[in-house]
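In the order they appear, the protein sequences are chains A and B. For the first sequence, our numbering begins at 1 and goes up steadily by one. For the second sequence, our numbering begins at 1 and goes up steadily by one.
Don't take each hint at face value.
Below are the DSS-like pairs computed for lysine-lysine, each with C-alpha atoms no more than 30 Å apart in a straight line [to be verified]:
(1) A:K311 - B:K84
(2) B:K304 - B:K398
(3) B:K276 - A:K378
(4) A:K309 - B:K63
(5) B:K81 - A:K378
(6) A:K309 - B:K84
(7) B:K293 - A:K406
(8) A:K134 - A:K10
(9) B:K133 - A:K378
Far from chain A by the CB rule (all over 12 Å, computed), these chain B residues [as the list claims (entries may be wrong)]:
(10) E12
(11) K18
(12) I153
(13) H178
(14) H474
Just so you know, these hints were derived from the structure itself, not from any lab. Idealized CB from N, CA, C, for every residue including glycine.
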Amino acid sequence: MLQETLVLFKNVRKPGYKGNLASYKAEGGYSALKKALKMTPEEIVSIVKESNVRGRGGAGFPTGLKWSFMAKNTGKPSYLIVNADEGEPGTFKDREIMLKDPHMFLEGYMIGCYALGCHHGYIYVRGEFVPAMKQLQKAIDECYEAGLLGPSMWGSKFPLDMTIHPGAGAYVCGEETALLDSLEGKRGQPRTKPPFPAVAGFNGCPTSVNNVETITAVTSIINDGAEAFKELGTPNNSGTHLVSLSGHVNKPGVYELRMGVSLKDIIYDLGGGIKNGKKLKGVIPGGSSTPVLLPEEIDIPYDFDSLMKVKSMMGSSAIMVFDEDTDVVKLLHRMVRFYNHESCGQCTPCREGTHWSSMILRDFVYKQGSAAKLDRLKRVSGNILGATLCALGDACAMPILSFIEKYPEEFRAYFADA
Amino acid sequence: MPTFYLDDNPIEFEPGEKVLAAALRSGFHIPHYCYHPALSIVATCRMCLVDVVDMGNGRPAPKLMTSCSMDPADGMKIETKNEKVKEARELVMEFLLVNHPLDCPICDQAGECTLQDFSFEYGSGSSEMEYSKRVYGWRDIGTFVMLERNRCIHCTRCHRFTTEVTGTHEFGTFNRSHQLTVDTFTDRPMTNKFQGNMADICPVGCITEREFRFKRRAWKLQKTNSICTHCSTGCNITVEQDQNTVFRLKPRENQEVNQWWMCDDGRVSLRQFNNKKNRIMQPMGRVQGTLVKASWEQIYEAIKDKVKQLAVKKDEVVAITDTHASNEELFLLKKLLHDVFSSEHVFFPLRLWAQPDSPNFIDTLITTDKSPNTAGAIALGIKGNEDDSALKQVLSEKTKLAFVLGNPLGKESEIYDLVSKADLIICIGTVLNEWAERADVLLPGSTPVEKEGTFINKNHRVQKINAAVKAPRHAKADWLILQELIQSLGKQSTFQSTSEIFNSLATTLETFQGLTFEDVGDLGCSLPAT
Ligand SMILES: Cc1cc2nc3c(=O)[nH]c(=O)nc-3n(C[C@H](O)[C@H](O)[C@H](O)COP(=O)(O)O)c2cc1C
Ligand code: SF4
Ligand code: SF4
Ligand code: SF4
Ligand code: FES
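With the rest of the complex left out, here is chain A (with noise of 0.2 Å):
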């Protein structure tokens, strides 16, 4: 039977813990930022390093060395800003940690600041998360009073204030250029790179922009260190990770594990199987824009390197299932019609063939489909990947060529002849 492996939830999972200052300091809290402030900045970024934890928000690049490539002495302020605009569908893992734990957070977020020398943190919450909100302000305005945060960070010299800045609810100012650029107060739309946000992000100062669970993460990583961190997970795919898991499981929810799980453990296992004792159609591994796998692929270990290996990708960890009563293409239709909503619509291949994607599908809802229009829907998705400038294109071509590829039947059957 697996097990969640508890280091980010360990105190969430504690029956009865608040998750305000003085439940978090009776569980140790602060403890890591007491360590942190006795090292030096390069230390910490070495040890962050050496862990090798990789980016939760999804690309799962990692995050010692996004914050090594930080441009030094430049005379300006340096950024280290949060993404919490959790948006990727299927993905509700920061929310949980926002709501729930969330000084364990601010911790790694105080580390985080202290070690790329950034004073004012800026957490872009998407918009939607009242309640999460409600509950970081909270904790924000607890550590403000105790002296954490505010003109000398905890007694050290290290002045740090907190901001958070609700999202309005665009999908793509997840992207962390386009967070930025919205960020700045502009219309939020991905920025091209170079130059990248390590030399010139937010206010054109050197930036680096992280998830929300990655930074609650660094609190784990200098508290137990960087080796311990990584016997959690498999060689480079360290630690624990949060995952979503969503769709038609028995117990659908957040749970922590250890990276490298077996997937389909995951979902039968803690997932507690299939509702109503249905047959599984397809998991989608790792948010929407992540390429559908069938039943037949799952028996898989679940981490960053393996669902590459069987050309997915975990993404934010947000696990999706799908049972033998789904209608995939009508499900297609759904996630196609959420990209070009969403799509910020500057780069052309994305603005014109999410739409006409979307167009060509509500014609197989509305069983209009041919063959010509299959391959056209290929065709057009296939020209949008790689050919854009965010990857929101590719988010939304993915999850096509592969449902396509996988469930060719069921196109078939919304053939107009059919």
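Fit chain B with the ligands to the given chain A structure using the hints.
Relative to chain A, chain B with the ligands alone:
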């Protein structure tokens, strides 16, 4: 210098320069829409994709890269003609046309539209799009341009122009996804004085000039390099005409003068060139109070006789010119007074001028001096002061003969009345202005689009106008009129062309030392002495 290779052609680059910019500088073309050298890089149209087969470290790039935003590396090898790139361009073209109306037959841009051109060159020629296209409808957005949003390809050049070049922020990008569009904010009209440039940089027929709208197909226009004569900046332009009518003036890139731009007032200055109503079409002389037409021979003969009869002495002659006159004309005007009358009484109204002090370069194009050659008049030693006191001084003595070139100082000025007292007033110009009321002789000259000549702009740059259209049958180039006056008044002048005059004045005058007409060229050149 570090070097990268574009289809095996070595291109040296400055650090910081992007691949596309370096390629264009070196004369290689990579198709592009959103990139414009004056604007920030957004890399959104995806037309400039290239295949980096070697990033300079032996490894290829994982996917096609946008050359407008890519930093080159030493030894980098880039292919722009292989199948992968060809296919990618075809795809971008297809996407761009999915919602494009393709109403080329009624589109002003047709013939100079990069969407047409690139479709032809890089497109597949077919589309599988079978749904109804996006429709926005046209919008009246201001004094100078029209917005036909259906044709927009969303390159955002217009938006970036108003934020980065004019700083006026009237234009924005609205909506998202396939409903993305550009427009002004809350239906407000545009107010900037440079809207025509938006029509220029818009790669398609989405933003078009009102002045030019539906007047002529672009491919019929003949273009002549020249400069705008509407103010002392002298923006470099092309004069575009068909069948002897000027249809538009377009800016011509000159980094030293106007970069890529010109102002809207300069563009509409073409109206005066097409003005046939008010034009002096033939030499005229006053006979018993009324102006009557005459031939050039008759008029020169009459002038000769009258001057003889008046026995004009050195101090009884004066010439007044405006600063629309070219250096060559001013030179001959001086020569006329000097050689024939031994007089140096050549005057112009010198006026203080100003230009906006602005962080935006484009604002500094507009000056209060609405003539092209104030600096030329000064360089040629034409006399002038701000209150015209020197001229008044001369006119306070008996003046028998006055030459008036162009339209200096109107009716309301004291000078006008003083000059009016002269026994013989000879005016050279193109239109029947206030001076025509008093003129005894009217000689039909040429407009700036009908003649050649040099001007000196506010920054002491010598620049050239060229003849783009033919002057009316009986009109002549002003320099020729002046030369013929010299000849008919008994002195020698045998210049064959403006270039000869320029070369001659450049050797006579200190300021021009060493300069030749050829040096001035299409882009002009700075005065050696400054
Ligand atoms: C369209 C799009 C949406 C994204 N949305 C989110 C998001 O909601 N939350 C997030 O953490 N990362 C999101 N990302 C990934 C971010 O761009 C970025 O990689 C991440 O914030 C980096 O943090 P990490 O290194 O800690 O993973 C998104 C990326 C794209 C292309
Ligand atoms: S891929 Fe889509 S969302 Fe991303 S920048 Fe381009 S148009 Fe915007
Ligand atoms: S913008 Fe170009 S392609 Fe479009 S209608 Fe006008 S000329 Fe034709
Ligand atoms: S109006 Fe013209 S310049 Fe502006 S975005 Fe559209 S195509 Fe580009
Ligand atoms: S010119 Fe490079 S993407 Fe538009």
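Going through the hints against the structure:
Straight-line distance between C-alpha atoms of K311 (chain A) and K84 (chain B) comes to about 22 Å, which keeps the hinted pair within the 30 Å bound. Annotation: proposed proximity of K304 (chain B) to K398 (chain B) holds, straight-line Cα distance about 20 Å (limit 30 Å). Our distance criterion of 30 Å between C-alpha atoms is broken by K276 (chain B) and K378 (chain A), whose separation comes to about 62 Å. About 19 Å separates the Cα atoms of K309 (chain A) and K63 (chain B), which keeps this hinted pair within 30 Å; it holds.
Pair hint K81 (chain B) plus K378 (chain A) holds up; C-alpha atoms about 25 Å apart against a cutoff of 30 Å. The hinted pair formed by K309 (chain A) and K84 (chain B) meets the criterion: a straight-line CA distance of about 26 Å does not exceed 30 Å. Distance restraint check for K293 (chain B) and K406 (chain A): the Cα-Cα separation of roughly 90 Å exceeds the 30 Å cut-off, and the hinted pair is therefore not satisfied. With a C-alpha separation of about 22 Å, the suggested pair K134 (chain A) and K10 (chain A) falls inside the 30 Å cut-off, and the hint holds.
Straight-line distance between C-alpha atoms of K133 (chain B) and K378 (chain A) comes to about 21 Å, which keeps the hinted pair within the 30 Å bound. Every CB of chain A is more than 12 Å from the CB of E12 (chain B) (nearest about 20 Å), matching its label as outside the interface. With a closest Cβ-Cβ approach of about 9 Å to chain A, K18 (chain B) is found to fall inside the 12 Å limit, against its non-interface label. Taking the minimum C-beta to C-beta distance to chain A, about 8 Å, the non-interface status of I153 (chain B) is violated against the 12 Å cut.
Taking the minimum C-beta to C-beta distance to chain A, about 4 Å, the non-interface status of H178 (chain B) is violated against the 12 Å cut. At roughly 56 Å, the least C-beta separation between H474 (chain B) and chain A is larger than 12 Å, which holds for a residue marked as non-interface.
The structure does not agree with the numbered hints 3, 7, 11, 12, 13 stated previously, though it agrees with the rest.
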